[in-house]
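When we follow this note's numbering, the leftmost residue of the sequence shown carries the number 59, and every step to the right adds one.
The hints are simulated quantities; they were obtained by calculation from the structure and are not laboratory data.
Remember, it's a predicted structure, so these values are computed and weren't measured experimentally.
All residues carry an ideal CB built from backbone N, CA and C; glycine is no exception.
Misleading hints may appear alongside valid ones.
[To be verified] Beta-carbon label-pair distances, calculated as ranges:
(1) 121 with 223: 29 to 37 Å
(2) 183 with 121: 35 to 43 Å
(3) 181 with 137: 31 to 39 Å
(4) 181 with 155: 16 to 24 Å
(5) 155 with 133: 14 to 22 Å
(6) 186 with 128: 36 to 44 Å
(7) 136 with 169: 15 to 23 Å
(8) 202 with 84: 15 to 23 Å
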Amino acid sequence: MIGVLSDTHNNSANLTLGLQIFRARQVDRLVHCGDVTSPLMLELLHGFQVWLVKGNNDYDWMGFRSEARRLGNIQYCGKDADIVIDRHRIAVCHGDDESLLDTLAHSKLFEWVFHGHSHRSDLEMIGKTRILNPGALGGRHPHGEDRSVAIVNLAAQKAEFITLDAVTPPDPRA
């Protein structure tokens, strides 16, 4: 299983909560679909193997590349990624370039295409390709979108969306 997240927009509290969800579910591989916003946020991803693409608000791409190298657990992929996890081929992009997203979705090359940008969780099929947006952890939510992440079981070809509002954060005093 892998965790999919997007649109952190420097919201460290929600990112931390999302990462706690992944740890509790023993998910140690993550795909981040961009808009982390600050390279300093990458430090929170310690302990996970991460693939990260550039979002339209990730202006400091050199900072992301440098920080990913320094941390060692993050593969900074640039604008898009073509990755294979457990023999499943996955494309990743942020989603702000609709032409790129459409090309990946209709290419028939991928089992999954992960993207963000809209801040709305969604799963749709185009042919045999599953197109997944995990939702957002931060940033604007003009239509009242929930903050969410997704856990994808590649072998079962299923995705579960987890809304942060439905999760009780652990008591730090415990």
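How the hints compare with the structure:
| no. | hint | result |
| --- | --- | --- |
| 1 | 121 with 223: 29 to 37 Å | holds (31 Å) |
| 2 | 183 with 121: 35 to 43 Å | holds (36 Å) |
| 3 | 181 with 137: 31 to 39 Å | violated (23 Å) |
| 4 | 181 with 155: 16 to 24 Å | holds (20 Å) |
| 5 | 155 with 133: 14 to 22 Å | holds (20 Å) |
| 6 | 186 with 128: 36 to 44 Å | holds (39 Å) |
| 7 | 136 with 169: 15 to 23 Å | holds (21 Å) |
| 8 | 202 with 84: 15 to 23 Å | violated (31 Å) |
Violated hints, listed in ascending order, are 3, 8; each of the other numbered hints is respected by the structure.
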